[in-house]
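Turn these sequences into a full structure, and let the hints steer you where they fit.
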Amino acid sequence: MYPKPALLAGALALAGLTTLAQANPEIDALRAEIAQMKQHYEARLKELETRLKAAEGQTAATPAATVTDRLGAVSAGSAFNPQISVILDGVYYRDNKKGEGPELYEHLDGINHSHGHGHGHGIERGFNLRPTELVFSTTVDPWFDANLMLTVDSHGGVELEQAYFDTRSLPAGLKLRGGKFFSGIGYLNEKHPHQWDFVDQNLPYRTLLGEHGLMDSGLQLTWRPRTGSLYTLLGVEALQGNEQVFATAGVATPTARADGLPLAGTAAGELAGKKAGPRLWTSFAKFAPDLGDNHALQLGAWGGWANQHQEVHDHTAGTACGLPGGSCVHALQGKSRLWGLDAVYKFDAPGAYGAGDFTLNAEYLREVKDLSLAFHEIGTLVGQPRKFTQDGFYVQGVYGFAPRWQVGLRYDVTGLTNKVEGGSGVLREWNDSDRWSLALTHHFSEYARLRLQASRANLTVDGDRERLNEIWLQYQHSLGSHGAHKF
Amino acid sequence: MARLLIWLTLSFVTPLAWALQVVATTASMGMLARAVGGPAVSVMVLAPPDRDPHQLQARPSMMRALRDADLVVAVGAELEVGWLPAALAGAGNGRVLPGRLGYFEAAAQVPLLDPGVADRARGDVHPMGNPHVHLDPVRMADIARALAERLARLNPTHAADYRARAEALAAAVASRLPGWQALAAGSAGAVLYHKDGIYLLDRLGRPLLGTIEPVPGVPPTAQHLAGLIEQLRGRRGVVLYHPYQPAQGPQRVAEALGWKAIAVPMEPPVTASVEDYFRLIDQWVAALAQAK
Chain A
42 MYPKPALLAG ALALAGLTTL AQANPEIDAL RAEIAQMKQH YEARLKELET RLKAAEGQTA
102 ATPAATVTDR LGAVSAGSAF NPQISVILDG VYYRDNKKGE GPELYEHLDG INHSHGHGHG
162 HGIERGFNLR PTELVFSTTV DPWFDANLML TVDSHGGVEL EQAYFDTRSL PAGLKLRGGK
222 FFSGIGYLNE KHPHQWDFVD QNLPYRTLLG EHGLMDSGLQ LTWRPRTGSL YTLLGVEALQ
282 GNEQVFATAG VATPTARADG LPLAGTAAGE LAGKKAGPRL WTSFAKFAPD LGDNHALQLG
342 AWGGWANQHQ EVHDHTAGTA CGLPGGSCVH ALQGKSRLWG LDAVYKFDAP GAYGAGDFTL
402 NAEYLREVKD LSLAFHEIGT LVGQPRKFTQ DGFYVQGVYG FAPRWQVGLR YDVTGLTNKV
462 EGGSGVLREW NDSDRWSLAL THHFSEYARL RLQASRANLT VDGDRERLNE IWLQYQHSLG
522 SHGAHKF
Chain B
2 MARLLIWLTL SFVTPLAWAL QVVATTASMG MLARAVGGPA VSVMVLAPPD RDPHQLQARP
62 SMMRALRDAD LVVAVGAELE VGWLPAALAG AGNGRVLPGR LGYFEAAAQV PLLDPGVADR
122 ARGDVHPMGN PHVHLDPVRM ADIARALAER LARLNPTHAA DYRARAEALA AAVASRLPGW
182 QALAAGSAGA VLYHKDGIYL LDRLGRPLLG TIEPVPGVPP TAQHLAGLIE QLRGRRGVVL
242 YHPYQPAQGP QRVAEALGWK AIAVPMEPPV TASVEDYFRL IDQWVAALAQ AK
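Each protein sequence line maps, in turn, to chains A and B.
So the first sequence is numbered by the numbering used here: it starts at 42 and just counts up by one.
So the second sequence is numbered by the numbering used here: it starts at 2 and just counts up by one.
Treat the hints loosely; a few may be bogus.
A few chain A residues that face chain B, going by a derived Cβ cut-off under 10 Å, partial list only [said to hold, decoys possible]:
#, residue
1, Thr107
2, Asp186
3, Ser210
4, Ser270
5, Glu487
Estimated spans, in silico, between C-beta atoms of each pair [unchecked claim]:
#, chain 1, residue 1, chain 2, residue 2, range
6, A, Gln236, B, Ala20, 30 to 40 Å
7, B, Ala175, A, Leu450, 52 to 62 Å
8, B, Gln249, A, Gly333, 52 to 62 Å
9, A, Ser119, B, Ala122, 48 to 58 Å
10, A, Ile125, B, Gly117, 18 to 28 Å
11, A, Asp110, B, Leu102, 36 to 46 Å
12, B, Gln224, A, Gly397, 37 to 47 Å
So these bits of chain B aren't anywhere near chain A, every CB distance computed over 10 Å [to be verified]:
#, residue
13, Gln56
14, Gly130
15, Ala160
16, Ala161
17, Ala173
18, Leu178
19, Gly218
20, Val219
21, Lys293
No lab work stands behind these hints, which were simulated from the structure alone.
Idealized CB from N, CA, C, for every residue including glycine.
If you want it as C-alpha cells, here you go:
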C-alpha cells in the first residue's frame with residue numbers, strides 16, 4: 042500500500058514530461074497511456090481508501106464493545122431512604138407573671154398535682170426553640186409500613202416519641218399497629234404539636250393525660266366494619282402503662298423524706314412489685330356519617346383502664362409527720378380508669394387556600410384513680426381507700442376568614458370535678474382552672490406558618506387564684522416530604 | 002340496633018353480586034372509569050369538582066369509600082399527596098395501596114410536562130412533573146387504554162368490553178381533535194392562574210404567557226401582577242382561571258392589558274359522561290380562541 046502523496050507525485054512527474062514533447066504522435070500515445078494509468082490508479086486508490094476506512098472502523102469499534110471496566114457495585118444507593126420530614130418550631134413568649142406562667146401549669150390543683158411528667162419544655166420569657174420533630178416513614182415490605190418520630194430539644198436532648206409499624210394487608214378492614222405511638226383515643230391525642238391549631242396543649246389533656254397526651258408502647262388493633270355510608274372505626278389497645286400520670290408501676294416504697302428528716306417510727310406498709318404488662322388497656326370508637334362534600338362530622342367515645350397505678354406523695358417541708366403543720370410521706374396504689382367523648386364538625390368551603398373553612402371540636406375527659414394507701418408514716422392508715430376524681434373539657438373553633446389566614450378561639454377548663462374521697466366521704470376538694478385563648482395564624486404556604494396567640498387563664502395553684510395573661514408568637518416550618526392533611 | 006344489624010348483614014352479603022367498586026379521586030378520573038368500565042363498575046368520586054384538589058383533607062367519608070374499593074383511580078404525580086395517602090392509611094384496605102393492582106395512577110401512564118427540581122423556593126412544585134394531565138384529551142385516551150388493561154387484569158371476564166370502550170373513547174378524541182385545533186389555531190395563548198391548563202395548551206400548540214400565581218400554590222402578590230402586566234403589555238392573549246380561584250388577580254391583569262378574563266371549570270361534573278368531558282374541553286378551547 043503506497044501512501045497517497047507519493048503516488049500523486051509520480052503522476053505529476055509524468056505529466057510534467059508531456060509538456061516537453063509536444064506534437065509527437067508517440068507522445069500522444071504515451072499521454073493516452075498515462076491518462077489510462079492515472080484513471081486506474083485513482084480507482085485503485087479509492088478502493089484502498091474505502092478498505093482502509095472500513096478496517097479502521099472495525100479496529101475502533103471492537104475494543105469498545107468487549108472491554109469495558111467499570112468500578113463500583115450496582116446498588117440502589119439512597120433510593121430506598123425513608124421519607125423524611127423535619128418540623129422547626131420556635132416561639133416568643135411573654136406573660137404577666139415574670140415568666141412564671143409555664144411553671145404555674147405544672148402545679149395546677151388537681152389529682153395529678155405535681156405528679157405529671159410534664160416538664161413544660163422550659164419555656165422562658167423571650168425566644169424559645171421548641172423541640173424539633175424529625176419524622177421518618179416508609180414501607181418496610183409488602184406487609185408493613187413503619188414510622189419513627191424523634192424530637193430534639195434546644196439543648197440537644199433527644200426523645201423517641203413514636204416508633205411503630207402498621208400492617209398493610211390484613212383483611213376485613215383490620216389494621217394492627219405495634220411499637221410506641223400516640224394512642225387513638227379522643228380527637229386531638231393523635232395530633233402532633235405541629236398539627237395543633239393553638240400553640241399549647243389544652244388543659245384537660247395536660248392535666249389528665251400529660252403534656253404530650255397518651256403515648257405508650259404496646260399494640261393497637263383497629264377495625265373498620267362495613268356500616269353502610271357511615272364510617273365506623275373501632276379500636277382496642279394493649280399498652281405497657283409506663284410513666285403515665287394515671288398509670289405508673291414499679292414505684293419504690295419511700296425510705297426517706299424529701300426534707301431530710303427521718304421517717305416516722307410508725308411508718309408501715311409497702312408498694313407491690315410491678316405487674317407484668319400490658320397494664321393499660323384502652324378502647325375507642327369513632328363514627329362519621331356521610332354529610333356530603335361540604336360538611337363532615339365525627340363523634341367518638343373512649344375508655345382506658347390501668348390495672349396498676351402507684352404514686353408517692355411527699356410534700357414534706359421540714360416539719361415531721363404528726364406535728365402541727367407537718368405532713369406525712371405516703372404512697373398509694375390501685376387501679377385507674379378514664380373515659381372521654383369527642384366531637385368534630387368541619388365545614389369545607391370551596392374557597393381558595395382555606396378561605397371559609399371552619400372547624401369546631403370539643404372533648405370531655407374524666408379520670409378516676411381508685412387507690413388505697415399502701416404505705417404511710419402513720420402506719421395505721423395503711424389500707425384506707427382514696428378515690429381521686431377529676432374531669433375537664435375544651436371547645437375550640439377555627440375559621441379561615443381569608444385565603445391563608447385563620448382565627449381560632451378556645452375555651453378549656455380542668456377540674457370541674459376535682460376531689461379526693463376517703464372511706465367516709467370527700468377528704469379534699471380543689472377549684473378548677475380555666476382559660477380563654479385567641480389565635481391568629483397566617484399560612485405563608487403549605488410549609489410555613491406564623492401564629493400569634495393570646496391567652497387569659499384563671500388558674501388554681503395551692504388554693505390560690507392566679508390570673509395569668511400570656512402572649513405567644515410562634516413560627517413553624519415543615520421541611521421535606523409533604524405532610525398529610527389529616528381529618 | 003336492629004337497623005345496624007340489617008346494615009351489617011346487607012354489607013356482608015351484597016358485595017358478592019356487585020360490580021367492581023372504583024373510587025376515583027377527581028371527576029375526570031371518575032368519567033374515565035365509567036367510560037372504560039361501563040356497567041361492570043360502580044364509581045365514586047372523592048374530590049368535588051368545585052374546589053382545589055391540592056387542598057382537601059382526608060375525610061372519614063373518603064376512608065369509608067376506600068375501605069371497600071377494588072380499584073382507586075388517582076391522577077397521581079402527588080396531586081393528591083395531602084389527603085389520599087392519609088385517607089388510604091385510615092381505610093385499612095391493603096388491596097388499593099400504591100404498588101398493588103388496585104391502585105391506578107393516571108400520571109404514571111403518560112409522559113409528563115415540566116419535570117422540575119425538588120426546590121420549594123419555586124412553590125408547591127411536583128418534582129416528577131405537572132400532574133394536571135386530564136385537560137389533554139389525547140393523554141386521556143392513552144390513560145383510558147391503560148385503565149382498560151388494568152380493569153382487564155382485575156376482571157378478565159369483561160376484558161374485551163373494557164378494551165373496546167377505551168378504543169371508542171380514543172376514536173372520539175381523534176375525531177374531535179382537528180376541530181379543537183382549528184378553533185384554537187389563531188389563539189395568541191393564555192395566562193393561567195395556576196399552571197394546570199398547560200397540557201391542553203401544549204396539545205394545541207398555544208403558548209403559556211404567564212401565571213397569576215408567582216410560584217405554584219402561593220397567592221398572587223401586587224408586585225408579581227405588575228411585573229406580569231409590564232411583560233405582556235402590547236401583546237394579545239386571554240386570562241383563564243377557575244371559579245374557585247380568587248377573581249381579583251385575573252381581572253386586574255386582563256383589565257390592564259385589555260384582554261378578557263374567563264372563568265373555566267377545571268373538572269367536569271361529578272357524574273360526567275365522555276360528552277360532558279368533551280364539553281369541558283370545548284369550553285377551554287372556546288376561551289382560548291378569545292385570544293385573537
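- Task: Verify that the Cβ of Leu178(B) lies farther than 10 Å from every Cβ atom of chain A, and report whether the claim holds or is violated.
- Result: holds, 32 Å
- Task: Examine each Cβ of chain A, and state whether all of them lie more than 10 Å from the Cβ of Ala173(B).
- Result: holds, 29 Å
- Regarding Ala175(B) and Leu450(A), is the given constraint of 52 to 62 Å on their beta-carbon distance met? About 57 Å separates the Cβ atoms of Ala175(B) and Leu450(A), which means 52 to 62 Å holds.
- Message: Under 10 Å is the threshold here; is the Cβ of Thr107(A) close enough to any Cβ of chain B for the hint to stand?
- Response: violated, 35 Å
- Message: Assuming the hint says 36 to 46 Å, is it satisfied by the Cβ distance from Asp110(A) to Leu102(B) or not?
- Response: holds, 42 Å
- Distance restraint hint 30 to 40 Å, applied to the beta-carbon atoms of Gln236(A) and Ala20(B): Holds, at about 38 Å.
- Message: Hint Ser210(A) vs chain B: min CB-CB distance below 10 Å?
- Response: holds, 4 Å
- So the hint says 18 to 28 Å: do the beta-carbon atoms of Ile125(A) and Gly117(B) match that? With a Cβ separation near 20 Å, Ile125(A) and Gly117(B) satisfy 18 to 28 Å, so the hint holds.
- Message: Taking the Cβ atom of Gln249(B) and the Cβ atom of Gly333(A), is their distance within the range 52 to 62 Å?
- Response: Between Gln249(B) and Gly333(A), where Cβ atoms are some 29 Å apart, the hint is violated.
- Query: Is Gly130(B) truly not at the interface, in the sense that its beta carbon sits beyond 10 Å from all beta carbons of chain A?
  - Reply: The assertion about Gly130(B) holds, with a minimum of 15 Å to chain A.
- Task: With 37 to 47 Å as the target window, see if Gln224(B) and Gly397(A) comply at their CB atoms.
- Result: Given range 37 to 47 Å: violated, Cβ gap about 26 Å.
- Task: Please confirm whether Lys293(B) is truly not at the interface, meaning its C-beta sits more than 10 Å away from all C-beta atoms of chain A.
- Result: Per Cβ check, Lys293(B) is outside 10 Å of chain A; nearest 29 Å; holds.
Hints 1, 8, 9, 12, 13, 19 and 20, counting from the list given before, are not met by this structure.
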